[in-house]
Amino acid sequence: MTAASAVTAAPRLELVGGGVERRGRWLLRGVDLVIEPATLISVVGPNGAGKSTLLRLLSGAWRLTEGRALLGGFDLAALPRRQAARRVAYVPQTVRPTFEFTVREFVTLGRYPHESRLFGTRSADRGWIDRCLDDTDLLALAERRVTTLSGGELQRVLMARCLATEAEVLLLDEPTSNLDLAHGLDLLGLARNLVDEGRSVVLVLHDLNAAARFADRVAVLDAGALVAEGPPAEVLSPDLLRRVFRVRAVPLAGSAAPVFDFEPLS
Amino acid sequence: MRVAFGGYRAGFWWYMAAGLALLLAFAGIGLFRGSVPLDGRDVLAVLARHLLPGEHDPADPRVDAIVWSLRAPRVVVAAMVGGCLALAGAQMQGLFRNPLASPGIVGTSTGAATGAVFALTFGLAGGFLLAAPLFAVAGAILSLLIVTRIATRDGYTPVTTLLLAGVALNALLAAVNSWLIARSWEQYEAARRIAYWMMGGVTDRGWVHAGMLLPGMVIGCAIAVWFARDLDLLLEGEEVAASLGVDIERAKRAVLWSAAILTGSAVAVSGVVGFVGLVVPHLVRLLLGPVHRRLLPAAFLTGAWFVVGADLLARTVAAPQEVFLGVVTAFVGAPFFLFLLVRHEGEVAVSR
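Residue numbers (my numbering), protein chains in the order written: chain W, 1 to 266; chain R, 1001 to 1352.
Just chain W, with the same shape it has in the complex:
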């Protein structure tokens, strides 16, 4: 992301005693989490721990059953959707699109909270879209159908749509899952740059070592509860990893971040 897209400080986003119940089952309960401005926080946890649910709650896409989500101190549920969408952007796990938007049309969907209902996108919007396409290296693909893209290209398109909203808080659900090593590192680098410019980024990651290297803080979810939250060096201990992920974590020497080699429990 270029310096030209510098943002005002991101608002504080927090969940106070957040819980959500669906069909008689608590997907997440009693979660207290604060996303401070300009922080990269990584959410980790085994499958079904409630990571995606947490992002949906933070984005306002799902209503809380109990507790509150606050954006800059205001109740997220009471905020008009358009206004919230200008500040918080959410990228769900990659799903194959079925409708034949071009890449440019698809990315322009992200301008919705800024568009006028009658006149649609204006030239300022189009300029911003060009910049988002450029920053994600997609200008060459702008007129391609999204249905014809590879998994990695699609991931970049989703990222571009997220940037198109100009939101200061970005919630990304497993953004690296479809990417090869180089593109994955590029994406994490992009997330790091966005945070250095003042945005907040919440990343759901499966790669614990990547989380340890790139994130300022790590939140560990297990069975619908937040079990630990803090700087990676404090949170990611062999003991916690054994408890939550049921693996033996062997610390690797020679790195500032707490990185491990993982082995199955015998």
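Misleading hints may appear alongside valid ones.
[To be verified] Covered by chain R, according to a simulated footprint, are these stretches of chain W (three or more residues, beta-carbon under 8 Å):
(1) 27-37
(2) 54-67
(3) 99-111
[As the list claims (entries may be wrong)] Pairwise CB distance ranges (calculated):
(4) W:130 x R:1226: 24 to 30 Å
(5) W:30 x R:1011: 54 to 60 Å
(6) R:1152 x W:192: 42 to 48 Å
(7) R:1029 x W:93: 22 to 28 Å
(8) R:1051 x W:139: 49 to 55 Å
(9) R:1226 x W:93: 30 to 36 Å
(10) R:1196 x W:93: 52 to 58 Å
(11) R:1249 x W:73: 24 to 30 Å
(12) W:73 x R:1158: 28 to 34 Å
(13) R:1149 x W:123: 42 to 48 Å
In short, the hints are calculated from the structure, not lab data.
Just so it is clear, CB atoms sit at the ideal spot from N, CA and C, and this is done for glycine as well.
Here the structure of chain W is known, so what remains is to put chain R in place on it, guided by the hints.
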């Protein structure tokens, strides 16, 4: 098909210009041709007298009656009906994220038919010309209210539940219609009127019918335009739409109402004209892409020229006998629908 349409996208303004030209051409043929041969100059004189300002020579009253009271409103009503049905179909296909959805998928067109059949069997239509159309609109709106009421829980209306409730209501209302018709079998006149109406058409429609359709069309179109962009986002799923700022329950409600008003009004004046609302939006989406700001107006225009053209065929194929308009649209539409089904299946197989 994929090669012809998939890689190519028609320019929006070119497409609209071509559609307008076709609409004018079909309307022109509809005005100048008919079972009574008329001199072209006389027809022009009548049109000039009614459409152009200033003083004109009085026209032959017989020609005036045929052109201005029979042919012109028929063409106008056909265009309006086609536009409304295609627009409503495009909205339903967007809302249900299913390119094979039709305007009446939530039960609105069957509901409209039930309303009209009710008015016709109980002889209400004999006393009051607009009874059947008004009952039809009421039937469409009532159907929508029932379906949304059934499908809504805690202020949330999942579209899949809506779809299933619509299918069930469609079946129920179709049964009610059959029962009402069977009841009226001995009254030959009522049964004949119902049968005519069910088959759909714009024969003998006058300016009063155009006037009937106008408010519903204007309201439906206005809502459709206002919520066009929301449909683009809903195509990507409700969660994504909500996270990008769409008030999804309000948007769904608005789109459903718009489509119900459009469908109900169209069915009210023309009966059940099949396949326009299914085939036209799908074709336009293939040509212009899924962005509703372009798709909706283009579907409206395409529906308009398609039905005016189909009505020309209905009038001329077996002249001097008339074929029902609904029969013509189904004859063109059904094979195309089957073709889409086959193509669709092929796509699913390939993508897996």
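Hint-by-hint comparison with the structure:
1. 27-37: Since three or more residues must qualify, the claim that chain R covers the region 27-37 of chain W is violated, with 0 doing so at under 8 Å.
2. 54-67: Holds: 5 residues of the region 54-67 of chain W have a Cβ under 8 Å from chain R.
3. 99-111: Since three or more residues must qualify, the claim that chain R covers the region 99-111 of chain W holds, with 7 doing so at under 8 Å.
4. W:130 x R:1226: 24 to 30 Å: Between residue 130 (chain W) and residue 1226 (chain R), where Cβ atoms are some 28 Å apart, the hint holds.
5. W:30 x R:1011: 54 to 60 Å: Between residue 30 (chain W) and residue 1011 (chain R), where Cβ atoms are some 56 Å apart, the hint holds.
6. R:1152 x W:192: 42 to 48 Å: holds (44 Å)
7. R:1029 x W:93: 22 to 28 Å: violated (54 Å)
8. R:1051 x W:139: 49 to 55 Å: holds (50 Å)
9. R:1226 x W:93: 30 to 36 Å: holds (32 Å)
10. R:1196 x W:93: 52 to 58 Å: holds (54 Å)
11. R:1249 x W:73: 24 to 30 Å: holds (26 Å)
12. W:73 x R:1158: 28 to 34 Å: For residue 1158 (chain R) against residue 73 (chain W), whose Cβ atoms are near 33 Å apart, the range 28 to 34 Å holds.
13. R:1149 x W:123: 42 to 48 Å: holds (45 Å)
Consistency with the previously given hints fails for numbers 1, 7, ordered from lowest to highest.
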